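Enquirer: Residue-level listing of the chains:
Number of protein chains: 2
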Amino acid sequence: MGEAMKMQAIPGGAMTRRQLLAKIGMAAGGAVMYQAMSSLGMAAESNHRDPFRLEGEAKGASVLVLGAGLAGLTAAYELRKAGYKVQVLEYNARPGGRNWTLRGGDRYTELGGATQECGFDEGHYLNPGPWRIPHHHRAVLGYCKQFGVALEAFNQVNYNALLHGQHAFGGKPQRFRDIDADYKGHVSELLAKCTQQRALDQLVSRQDQELLLESLRNWGALDRDFGYVKGRASSERRGFARYPGGGLSGAPEFSEPFSVQDVLRSRLWTTLAAGNNYEMQTTMFQPVGGMDQIGKAFARQLPDAIRYNAKVTRIEQDERGVRAAWVDAERGGEEQVASADWCVCTIPLSVLSRIPMTVGEPMANAIAAVPYAASVKVGLQFKRRFWEEDEAIYGGISYTDLPITLISYPSTGYHSPGKGVLLGAYVWGLEAFELTSMKPEERVRKAVEYGTQLHPQYPREFDNGIAVGWHRVPFTHGCFGMWSEQARAEHYQNLCRIDGRIALAGEHVSYIPAWQEGAILSAHDVIGRLHRKAMATGGRA
Amino acid sequence: MGEAMKMQAIPGGAMTRRQLLAKIGMAAGGAVMYQAMSSLGMAAESNHRDPFRLEGEAKGASVLVLGAGLAGLTAAYELRKAGYKVQVLEYNARPGGRNWTLRGGDRYTELGGATQECGFDEGHYLNPGPWRIPHHHRAVLGYCKQFGVALEAFNQVNYNALLHGQHAFGGKPQRFRDIDADYKGHVSELLAKCTQQRALDQLVSRQDQELLLESLRNWGALDRDFGYVKGRASSERRGFARYPGGGLSGAPEFSEPFSVQDVLRSRLWTTLAAGNNYEMQTTMFQPVGGMDQIGKAFARQLPDAIRYNAKVTRIEQDERGVRAAWVDAERGGEEQVASADWCVCTIPLSVLSRIPMTVGEPMANAIAAVPYAASVKVGLQFKRRFWEEDEAIYGGISYTDLPITLISYPSTGYHSPGKGVLLGAYVWGLEAFELTSMKPEERVRKAVEYGTQLHPQYPREFDNGIAVGWHRVPFTHGCFGMWSEQARAEHYQNLCRIDGRIALAGEHVSYIPAWQEGAILSAHDVIGRLHRKAMATGGRA
Chain P
1 MGEAMKMQAI
11 PGGAMTRRQL
21 LAKIGMAAGG
31 AVMYQAMSSL
41 GMAAESNHRD
51 PFRLEGEAKG
61 ASVLVLGAGL
71 AGLTAAYELR
81 KAGYKVQVLE
91 YNARPGGRNW
101 TLRGGDRYTE
111 LGGATQECGF
121 DEGHYLNPGP
131 WRIPHHHRAV
141 LGYCKQFGVA
151 LEAFNQVNYN
161 ALLHGQHAFG
171 GKPQRFRDID
181 ADYKGHVSEL
191 LAKCTQQRAL
201 DQLVSRQDQE
211 LLLESLRNWG
221 ALDRDFGYVK
231 GRASSERRGF
241 ARYPGGGLSG
251 APEFSEPFSV
261 QDVLRSRLWT
271 TLAAGNNYEM
281 QTTMFQPVGG
291 MDQIGKAFAR
301 QLPDAIRYNA
311 KVTRIEQDER
321 GVRAAWVDAE
331 RGGEEQVASA
341 DWCVCTIPLS
351 VLSRIPMTVG
361 EPMANAIAAV
371 PYAASVKVGL
381 QFKRRFWEED
391 EAIYGGISYT
401 DLPITLISYP
411 STGYHSPGKG
421 VLLGAYVWGL
431 EAFELTSMKP
441 EERVRKAVEY
451 GTQLHPQYPR
461 EFDNGIAVGW
471 HRVPFTHGCF
481 GMWSEQARAE
491 HYQNLCRIDG
501 RIALAGEHVS
511 YIPAWQEGAI
521 LSAHDVIGRL
531 HRKAMATGGR
541 A
Chain G
1001 MGEAMKMQAI
1011 PGGAMTRRQL
1021 LAKIGMAAGG
1031 AVMYQAMSSL
1041 GMAAESNHRD
1051 PFRLEGEAKG
1061 ASVLVLGAGL
1071 AGLTAAYELR
1081 KAGYKVQVLE
1091 YNARPGGRNW
1101 TLRGGDRYTE
1111 LGGATQECGF
1121 DEGHYLNPGP
1131 WRIPHHHRAV
1141 LGYCKQFGVA
1151 LEAFNQVNYN
1161 ALLHGQHAFG
1171 GKPQRFRDID
1181 ADYKGHVSEL
1191 LAKCTQQRAL
1201 DQLVSRQDQE
1211 LLLESLRNWG
1221 ALDRDFGYVK
1231 GRASSERRGF
1241 ARYPGGGLSG
1251 APEFSEPFSV
1261 QDVLRSRLWT
1271 TLAAGNNYEM
1281 QTTMFQPVGG
1291 MDQIGKAFAR
1301 QLPDAIRYNA
1311 KVTRIEQDER
1321 GVRAAWVDAE
1331 RGGEEQVASA
1341 DWCVCTIPLS
1351 VLSRIPMTVG
1361 EPMANAIAAV
1371 PYAASVKVGL
1381 QFKRRFWEED
1391 EAIYGGISYT
1401 DLPITLISYP
1411 STGYHSPGKG
1421 VLLGAYVWGL
1431 EAFELTSMKP
1441 EERVRKAVEY
1451 GTQLHPQYPR
1461 EFDNGIAVGW
1471 HRVPFTHGCF
1481 GMWSEQARAE
1491 HYQNLCRIDG
1501 RIALAGEHVS
1511 YIPAWQEGAI
1521 LSAHDVIGRL
1531 HRKAMATGGR
1541 A
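Going down the list, the sequences are from chains P and G. This note's numbering applies: residue 1 is where the first sequence begins, and numbers increase by one. This note's numbering applies: residue 1001 is where the second sequence begins, and numbers increase by one.
Here chain P stands alone, though its shape is the one from the complex:
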């Protein structure tokens, strides 16, 4: 199917594509249809305003949804639209789960008891979880469009941002522009030389070698002799030593490229391709005002359906239905029980593995099999947007081999006066565990200390900060489900399969771990199957 679709996935075959989709839809039901449409890049086409739809009647059946993250919200929204009675239990006092935004005045207490109060000024925020949306995440974007969540461009690659290595260029940060241009230039020059020395004769025809040389000159900014050297061509990529200006004072001066040796040994090339990954390719988006606008928009569609502050303690099922026991997440107290015909459980496996649940061994083993990734984000507020004012860095990401990994500048409010908030650290793996083990204020202090190596303005301009270590987040105990190849082969299908009346959804039940799109598409997939099962059994118990 994939190949056939690929052949169709170009303009010109619109009618054919639609016919194909109709066939897929008839054969496979809504969820697969949506998936197929995503593959074709058509999912949001105007005549598919609401691309996901469960066909057939719910016949009064009820569904208990555990978790009001994007998977749970999607399931609740779509099931309700199809006629199900839906109740959602949510641990937090807000919708969204990891779809979460911290603003000035927000209080956040992590596992271990440390409480931070966010000190950001009005209008500034940190998205501790997801913070960007690829243009091909059609399900997330479809709901944004449907619910009127305003979007703005998220700037991933910024040629004027910095690449920093502690042992590269004496520790001095370089502009992305310079390293990118010089790497491409040297690669092109080397390949051009190999071509001229006939090293490609066994690989590429003579005719194509001529095209290759022409393309390398263009693409690598080589001179007439296929050299990557100081001159107009290279300066028009890496920038000038003295930029062109006006009048008598405007004559430009070319800049001197770094040598191939310096570029290679700097290892700054390791992050050059970050924006070439299909998940980071332009165009990317962020909701205006914070990622939680999506969760809030879903919640507005579900009046009275969500019970907040409900901590699930037990999940039981039998042939008649499903029951979830819960207590007040803040005050504890008496256990209460919610029940329904069916259950869609979106609780992260890291938490779910500690909740008693009557499911068979295959699903129970799958739930226990997936470790959760460590991750830390630190938001830093500064007294002014010095990155814009001093350095002309507007949005985008600087990378470093320091334990903060990166600094990301806000892709919004360009040129606005007053304070500014940037992402001062976004860390995974071992360094995330180290940071998580620190007190929050220590994480912030570290982010400022390391960031000073990229931006000497840090100490003078720092105002306040907030740090979220995902292994201490009470509602997830980790960032996202880390599937190894082996775990996926052994357990993924068992995690997906509906166990009696209980079905699982969430990014952990998808091939797009850590992304909101995975959560939503997992919900689409599972409620499609649940719905067919419910219809087959007459809906209710």
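Rather than coming from a laboratory, the hints here were simulated on the basis of the structure. As the structure is a prediction and not an experimental result, all values here were calculated from the model. Ideal placement from N, C-alpha and C gives every residue a C-beta, glycine not left out. All the given hints hold, so there is nothing to weed out.
Quick list of in silico lysine-lysine cross-link-like pairs, BS3-like style, CA-CA up to 30 Å:
1) P:K311 - P:K533
2) G:K1419 - P:K296
3) P:K193 - G:K1230
4) P:K193 - P:K230
5) G:K1193 - P:K193
6) P:K296 - P:K81
7) G:K1145 - P:K383
8) G:K1439 - G:K1419
9) G:K1085 - G:K1145
10) G:K1296 - P:K419
11) P:K419 - G:K1145
12) G:K1419 - G:K1296
13) G:K1172 - G:K1230
14) P:K145 - P:K85
15) G:K1383 - P:K145
16) P:K145 - G:K1419
17) P:K230 - G:K1193
If we take Cβ atoms under 7 Å as the criterion, some of the chain P residues that face chain G in the derived model are:
18) D208
19) L248
20) S510
Examples of chain G residues lying across from chain P (beta carbon under 10 Å, computed):
21) A1139
22) E1152
23) Y1183
24) T1195
25) L1211
26) G1246
27) W1269
28) R1529
Guided by the hints, dock chain G onto chain P, whose structure is given.
Expert: Chain G in isolation, oriented as in the chain P frame:
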């Protein structure tokens, strides 16, 4: 100086940079100081809120500014701030010149008499002239910040936009993502093979060859054996045949890269580097609501200083002052005369060369020496934003070898319902002359006809269009001054040098032709010199 600056142009040397700037400022005056600051990327630093400033007193001298484009507006604004009496004569009924936006209801009559009325819906527009601002154009951006002109990101490179060649892949458009990934992948594989075959031994040390191989694998998405092949690595760049999804239906399928021969022979690589040019590198901007927000903002700073509809017919000077004769540009009638001690003339050379002016032979020859580029832009309104809805193309540019050259999608109002306007053609050179020679409605028809090869939705969704051929624009007779190397060597200095009481400014008096930054920096440069001359002569005649 260039090299010294480059060394300082990294964070860490803030104090040193400031000391350097102070020295430059003392030695060379404001304009050079600004230029130096631009080179350092510091021009908008908060302690230089208004980086350009003329030092010293105007002593009551007056300046006549001809043309209210960005060069004239800048000169008028800065000279007035320095105490000069300033009068501006402007041919059009609006400020901005080529800083120009067409909206629904606007009427535009070109040379030859054809009149178009723009039929765009409310909120949509075409910028016939400049349409994007690089982040390093610090002078333009500085005024935007100073005057509160809101900016949003302009999306130049879109991995999901199209590359189209009439003879490439049977005329079927390809995604930028596929060609970009495959070109880099094949280049990387070929260079890796050369390296392994020891073809680089004379060029790169063995140690660096290991680094090169490692970098190529990362950067080119090669597999373990340094092959660019169908698999996870390549699909994570070029996209999947079937994208990863959720639940049981979410398993991805890898896509098949194009062969090196197909990629090279397609010639679609010719536009891959467009976004790597330092003038097109992220972050780019556009003013919210249209480029003319900048001209309007300048004009608001100059109440009563600008006389609109004033067509200059003669420019004379003697030892006592400058006089410009003008007539009403719409109604003609009686010639009137404006006079002042000095004149800054920003009229494009294409027009100025036909206006009698008392200047010496060197400047007169320079004025006659610069031909103006041909360019055409066509704005097309469609009934819906099908590029977003059907194809997930948000902003950015598709390229083609058809005579329209490119299609650019709006970088604003993403997901907005209703109609949408895109740039349906942006053409230079011979094809621009051909299009300009047609009637406006014919240009629009051609743009729709050609664009249909990229987007089959065109004929069904087309609503209306407007076309600007710059050689028929009454106030410029062309798009921008095209300096050959030879013309610049022979005439540029003579164009810059103040002739008696007359000084020239505009993009044509800069090393940044066609860009607004060139116009502004040329004004900064020349009014700095004019001011010194005025002070030296006691200001007035």
